[in-house]
Amino acid sequence: MPTQTAVRSVEDLNTTVVDADFHLTEGIEEIRPYVDGPMEKMLVGSSSYSGGVNPYPSSGDLHPSVVTGRTRVFNEEKLATPADVREGMDLLGIDRVSLDPGIQLALGMVHHDQVAAALATAYNEYLLDTFLSEDDGLYGSAVVAPQRPDLAAEEIDDRADESSVAAVFLPSGGVNPPLGDRRYDPIYDACERADLPLLLHNVSGGAITSFPIQHQAFGRHMPTHVVSHPMQHMVNLTHMLTTGVPERFPDLRIVFQEAGLGWVPYLVNRLDYEYYGQRQDAPVLKRPPSEYVDEQCYFTSQPVEGMDKPGYVAQVIRLMGGEHNLMFASDYPHHDFDHADDLLRQLTGEFDRKAIEAIFGGTATEVYRFR
Amino acid sequence: MTTDETERGPTRHYVVDEADLDDGDRVLVEIEGREIGVFNVDGDLYALANHCVHMGGPVCEGRLMGYFTADDDGDLRYERDGEILACPWHGWEFDVETGEHIAGSKYRLPTYDVTVEDGEVYVLA
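In order, the protein sequence lines correspond to chains A and B.
Oh and the first sequence: position 62 is 62 in our numbering, straight run, nothing missing.
Oh and the second sequence: position 77 is 77 in our numbering, straight run, nothing missing.
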């Protein structure tokens, strides 16, 4: 059904336009001053790179557009102040963000579990101190470390009363075991208690720890980048459904970020088909996996694939039920960010205004804890 | 600034004095609402739209560099240094001479003819 009145830009929509994945660009140098307690002593050497330690592992893959200096936004321009954030929001035409982290994307791979938990706490202090307390209109997601679910749950409890915290961010790239393991239950329990959605976000370098042999064989960034986001999500979503996480935590809202669209209908249909024949391997579930996905799982749009294939994007959004579970995200300022109006052009003429406004803000306004 | 009119088609617009556009230099100009980048690459002048066909980024503000190809064994080579324009938003690469996207897609940046008369550079747009 075509849109009733002309929608040429997201600014023409009658909704608060939300970006469900907008990144800060912090590195260890921004976070180190906020590390407190015993782990402060553990990281003394990290305050300087001259013989110091960078606790965040890198897979060592060389990002071609970054190492050759082609992309300027991601390379040279750090988001250091709320004004920098506002500049990006203006560029994209969006009204609201929940700020996601920079180097904490690699937090799930930090080898030292207590350091990982301390870095999560330090990042949240940095986020509140530098951005959220300086600009009333900004929201952020509180980072937790999967290495220590007990400390992650404490962290969520500690941030639950912060009105500018709109989500919990779990760096899921490289997590082992996958997120269906019962060791993570305290995190899911705490998210339900705080009424905060759980954001799962992978990172290309995450392949080094979760898929190391194939990663080494790739030897290039492009193939690593293509498969690592959806592959890790498929592992985690499949494991979470198999072990019944959404059945056991019925109020948990789970957001899968930065893997595009097409993997969703494929996986959901495949899971249902297997479940019909092998229900005994997912005995906690009371219904087919797709029903839990429909009710509790959400997906952010970037990087939207197939925009140059007429009809692809609208078709795959219908197949995934995107009118109800898809949230626009830019991934700004990373090298592969999507522009809001670029996705919008794929949707006008294909969906009615209500569905478009849901994708560009309505759904996110219900999923995130904006207050 | 319009200095010449023809009955139909593009109009000639003064851009810069040739002496102020050295090898490797570029200027950005706005002509009738269109932003256009004019480049001097090894003494040859090229003009391209400053609007990336991917997502509208300011492509003419990006790096001029070469690009990587592979020989028959797959070993990397670096060719055409200074002739490939990369958009600063997402790194899409275009041939500065033809405007063609070098990854072989159907995309192409609009190009404009450039002329020099009496030491003055003009774009036909």
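By construction, these hints were calculated from the structure, which means they are not laboratory data.
Don't take each hint at face value.
[Claimed, not checked] Pulled a few chain B residues facing chain A out of the computed Cβ check, cut under 7 Å:
hint, residue
1, MET55
2, PRO58
3, GLY82
4, ALA86
5, ARG108
[Said to hold, decoys possible] So these bits of chain A aren't anywhere near chain B, every CB distance computed over 10 Å:
hint, residue
6, THR71
7, ASP136
8, HIS335
9, HIS339
Bear in mind the structure is a predicted one, so any value in this text is a computation, not a measurement.
Ideal placement from N, C-alpha and C gives every residue a C-beta, glycine not left out.
Hint check:
Hint on MET55(B) holds. Least Cβ distance to chain A is approximately 5 Å, under the 7 Å limit. Annotation: PRO58(B) was flagged as interfacial toward chain A, and the flag is violated, the nearest CB pair being 9 Å apart, outside 7 Å. Violation of the interface hint for GLY82(B) is found here, the shortest Cβ-Cβ separation to chain A being roughly 14 Å, above the 7 Å cut-off. Evaluation of the ALA86(B) hint against chain A yields a held restraint, the C-beta minimum of about 4 Å falling below 7 Å.
Among the interface hints, the one on ARG108(B) is violated; its C-beta lies about 13 Å from the nearest C-beta in chain A, farther than the 7 Å criterion. Against chain B, the non-interface label of THR71(A) is violated: not every CB pair exceeds 10 Å, the least being about 5 Å. Here ASP136(A) stays apart from chain B, with its beta-carbon at least about 30 Å from theirs, past the 10 Å limit. Against the 10 Å criterion, HIS335(A) falls within the reach of chain B, whose nearest CB is about 6 Å from its own CB.
Residue-level check failed: HIS339(A) sits 5 Å from the nearest beta carbon of chain B, not beyond 10 Å.
Taken one by one, the earlier hints fail for this structure at numbers 2, 3, 5, 6, 8 and 9, listed in ascending order.
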